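Participant: From first to last, the protein sequence lines are chains U and B.
Here the first sequence is numbered in my numbering, starting from 1 and rising by one per residue.
Here the second sequence is numbered in my numbering, starting from 1 and rising by one per residue.
Possibly wrong hints are sitting among the right ones.
What the hints assert, rightly or not - Facing chain B, according to a computed beta carbon distance under 8 Å, are these residues of chain U, among others:
id	residue
1	LEU91
2	GLN104
3	GLY109
Rather than coming from a laboratory, the hints here were simulated on the basis of the structure.
All figures in this text were calculated on a predicted structure; none of them were measured in a lab.
Note that CB positions come from ideal geometry on N, CA and C, so glycine has one too.
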Amino acid sequence: EAGVAQSPRYKIIEKRQSVAFWCNPISGHATLYWYQQILGQGPKLLIQFQNNGVVDDSQLPKDRFSAERLKGVDSTLKIQPAKLEDSAVYLCASSLGGTELYEQYFGPGTRLTVT
Amino acid sequence: AQSVTQLDSQVPVFEEAPVELRCNYSSSVSVYLFWYVQYPNQGLQLLLKYLSGSTLVKGINGFEAEFNKSQTSFHLRKPSVHISDTAEYFCAVSFIGGSYIPTFGRGTSLIVHP
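So that you can see chain U by itself, here it is in the shape it has in the complex (with noise of 0.2 Å):
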């Protein structure tokens, strides 16, 4: 069974710019998530994916970063315009869903360097 892919895995941008992420989760799974994890902290939810629909985006900052998971399968996160303290790595994961929600697994990630 294939894992959960990402791309790219580094990217270093200058602030101001704009990135994007891609994730394709494991297949089958209904839910989708991102994580932002900065540098000495746990990874931090930033928005949930079942199929096609957002369950949460409280903790995503709205005024710059946004994210679509058209069709229900793979995903793009996109920051726009970048700043300093978006710097982290940005995990996606996948869960079946359901009663299963808890058992996620995660992507290797893509590391966000903003100059």
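Mind docking chain B on chain U? Use the hints.
Facilitator: For chain B alone, coordinates are given in the frame of chain U:
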């Protein structure tokens, strides 16, 4: 308030020594508990989980954890560590009846010295 605390930011040990990584939580509801490991430049991998039943849970790579409800703890242990266990370890708690999405602790960096 519901929270997860990993008291130790860094735990250095020598190879073949035992190790315990501590995790405490605060919750007014029942919980599911998890430990994840993150190797450098990789995503998180589930080590073990407690959902119900026996409070002693065995996971991959020789790790185990014990759920102590009275002390609201879920400490991770390994009797003999290897160099390859050097990684970041995260405790996570899922609050039953809520969103079920795990809340992560800040992580503990396990550094195994030869």
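Participant: Holds or violated: LEU91 of chain U as interface residue toward chain B, Cβ cutoff 8 Å?
Facilitator: Status holds, d = 6 Å.
Participant: Hold the hint about GLY109 of chain U up to the distance rule: shortest CB distance to chain B must be less than 8 Å.
Facilitator: Check passed: Cβ of GLY109 of chain U comes within 5 Å of chain B, closer than 8 Å.
Participant: Can we keep the GLN104 of chain U interface hint, with Cβ of chain B closer than 8 Å?
Facilitator: Cβ of GLN104 of chain U sits 7 Å from chain B, so the hint holds.
When held up to the earlier numbered hints, the structure conflicts with none and fits them all.
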